[in-house]
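Protein chains in written order, with numbering that gives the first Met the number 0: chain A, 0 to 142; chain B, 0 to 142; chain C, 0 to 142; chain D, 0 to 142.
Source of the hints: derived by calculation from the structure; they are not laboratory data. Be aware that one or more of the hints could be misleading.
Capping the alpha-carbon separation at 27 Å, the derived lysine-lysine pairs in DSSO-like fashion look like this [to be verified]:
# : chain 1 : residue 1 : chain 2 : residue 2
1 : C       : K98       : B       : K98
2 : A       : K133      : B       : K47
3 : D       : K98       : C       : K62
4 : B       : K47       : C       : K98
5 : B       : K47       : C       : K62
6 : B       : K98       : A       : K62
7 : C       : K84       : D       : K98
Treat the numbers as computed from the prediction; the structure is a model and nothing was measured.
There are 4 protein chains.
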Amino acid sequence: MFCFAETVRFADTDMMGVAHHANYFRWFESARVAFLQAAGVDLWDLMKAGYSFPIRDARCAYKVSARYGDCLDIQATMLELTRAKMIFSYQVRRRGDAKLLAEGYTCNVFTNADGKVARLRDEFYQPLLSFCEKEKPAAGSEP
Amino acid sequence: MFCFAETVRFADTDMMGVAHHANYFRWFESARVAFLQAAGVDLWDLMKAGYSFPIRDARCAYKVSARYGDCLDIQATMLELTRAKMIFSYQVRRRGDAKLLAEGYTCNVFTNADGKVARLRDEFYQPLLSFCEKEKPAAGSEP
Amino acid sequence: MFCFAETVRFADTDMMGVAHHANYFRWFESARVAFLQAAGVDLWDLMKAGYSFPIRDARCAYKVSARYGDCLDIQATMLELTRAKMIFSYQVRRRGDAKLLAEGYTCNVFTNADGKVARLRDEFYQPLLSFCEKEKPAAGSEP
Amino acid sequence: MFCFAETVRFADTDMMGVAHHANYFRWFESARVAFLQAAGVDLWDLMKAGYSFPIRDARCAYKVSARYGDCLDIQATMLELTRAKMIFSYQVRRRGDAKLLAEGYTCNVFTNADGKVARLRDEFYQPLLSFCEKEKPAAGSEP
Chain A
0 MFCFAETVRF ADTDMMGVAH HANYFRWFES ARVAFLQAAG VDLWDLMKAG
50 YSFPIRDARC AYKVSARYGD CLDIQATMLE LTRAKMIFSY QVRRRGDAKL
100 LAEGYTCNVF TNADGKVARL RDEFYQPLLS FCEKEKPAAG SEP
Chain B
0 MFCFAETVRF ADTDMMGVAH HANYFRWFES ARVAFLQAAG VDLWDLMKAG
50 YSFPIRDARC AYKVSARYGD CLDIQATMLE LTRAKMIFSY QVRRRGDAKL
100 LAEGYTCNVF TNADGKVARL RDEFYQPLLS FCEKEKPAAG SEP
Chain C
0 MFCFAETVRF ADTDMMGVAH HANYFRWFES ARVAFLQAAG VDLWDLMKAG
50 YSFPIRDARC AYKVSARYGD CLDIQATMLE LTRAKMIFSY QVRRRGDAKL
100 LAEGYTCNVF TNADGKVARL RDEFYQPLLS FCEKEKPAAG SEP
Chain D
0 MFCFAETVRF ADTDMMGVAH HANYFRWFES ARVAFLQAAG VDLWDLMKAG
50 YSFPIRDARC AYKVSARYGD CLDIQATMLE LTRAKMIFSY QVRRRGDAKL
100 LAEGYTCNVF TNADGKVARL RDEFYQPLLS FCEKEKPAAG SEP
């Protein structure tokens, strides 16, 4: 189970007094790239190798609003990995009471500089696959 | 058909050279509040009347990346309106070639200051309902 | 006198109920690139020619807070232009009552991809210089 | 010497491949509110007590661009504190080589909800004053 910590900043709030909903997609991204980093895949290396990794789909279901100062634990789970795309789900919990604030989903594809689909080379694909296996919740365990 | 125009700003881009994907949710919001405004519902009035309107669900499917300088036409369609929530869909097209760049979906609920669900009063609900009827694509017309 | 129009978006606000102060620097940028565009200098062309144009200095003095829905007129004045840098000042006024909300200042330098100072070529420098002359307030005129 | 750590996120970058310059003002703010927090002054308490704390002046001098993934140490120094305003300076250094990337300055004033200047009560002013004294570099010490 991979987790990334964030804190809601003052600049993240809006005039309804809560974190603006677009920020969650930035937090998902931070959790996702931290996951990749932990798997040994650095975005700089990916970009130097000519890959782009645009988002094709992004969703968030909001349960409870995050507020200024909240410490957030963002759990990122890799749902699917192929050489052409990676799909993540996310759970955002408030530290302290572990309240579930939001759940998310993203799909990235791998492309070359021209925007054509590119297949991930082994040097990036294999470490991701291994890390993904390791992080997978054991069968029968609580989700 | 309600349309809102945006331009991709330099600050909206990221190091992949395209508009960062979180911006689309800000653009959807701008189109949505412009829709409400056009219907005669001002957010200041809503807030003065004690309503909050948090997002419960937000999605975006990205087809083609928006780039710095692109003029965008964001079509907002109200899919559903009740006194407790409003659901919109969005289509983002690049002006010039009318290329479809992205499609989105949001659900807002109406709550009071304590976060409890609140039912929209007639002064807000009726004008929205009328405007929504007027903007609805005619049956049998192209979507 | 070159002017650029902006509207304060909901996403620009913070929990104090006003536009977050960092947004003004995005607005200055939008006014600045619109100035360049009006002078015939497109950022895409600049970048294709190998130039970067990092900010070296940025300041804002805030008088009155901008609020959600405010229409802003951002006047951009080029204070100094050399082949190595450009300096702008800004005045942000609220449309309607022309209230001065903020005043700003930025200095950009021109560099190549390695971050070394680069001197602007004539194809970019000359049109900027001409436009800058044209936009300059006449001596003795009201500021 | 009060220090706050930040990491440059992917969403913070722009198409020049560096952190967009407006982000530094968000980072200054994060360092500033962490300073207040460390002094025992919570923004929620300030707001509940009816205070706003708008920015009146903000500046940043940029030396070297921050890049995606950089870990930043943001040193915040309270230059001046009265019951009506607080002035901070900032130094942003890249962790690892301690390279100075940027220096900043902000001035906040304290106001009530109507935007009128308000004088900070002892419960907020005294702890800030004490903390400020404690954090002050010793006379004759290296800056």
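How the hints compare with the structure:
{"no.": "1", "hint": "C:K98 with B:K98", "result": "40 Å, violated"}
{"no.": "2", "hint": "A:K133 with B:K47", "result": "52 Å, violated"}
{"no.": "3", "hint": "D:K98 with C:K62", "result": "34 Å, violated"}
{"no.": "4", "hint": "B:K47 with C:K98", "result": "24 Å, holds"}
{"no.": "5", "hint": "B:K47 with C:K62", "result": "25 Å, holds"}
{"no.": "6", "hint": "B:K98 with A:K62", "result": "34 Å, violated"}
{"no.": "7", "hint": "C:K84 with D:K98", "result": "24 Å, holds"}
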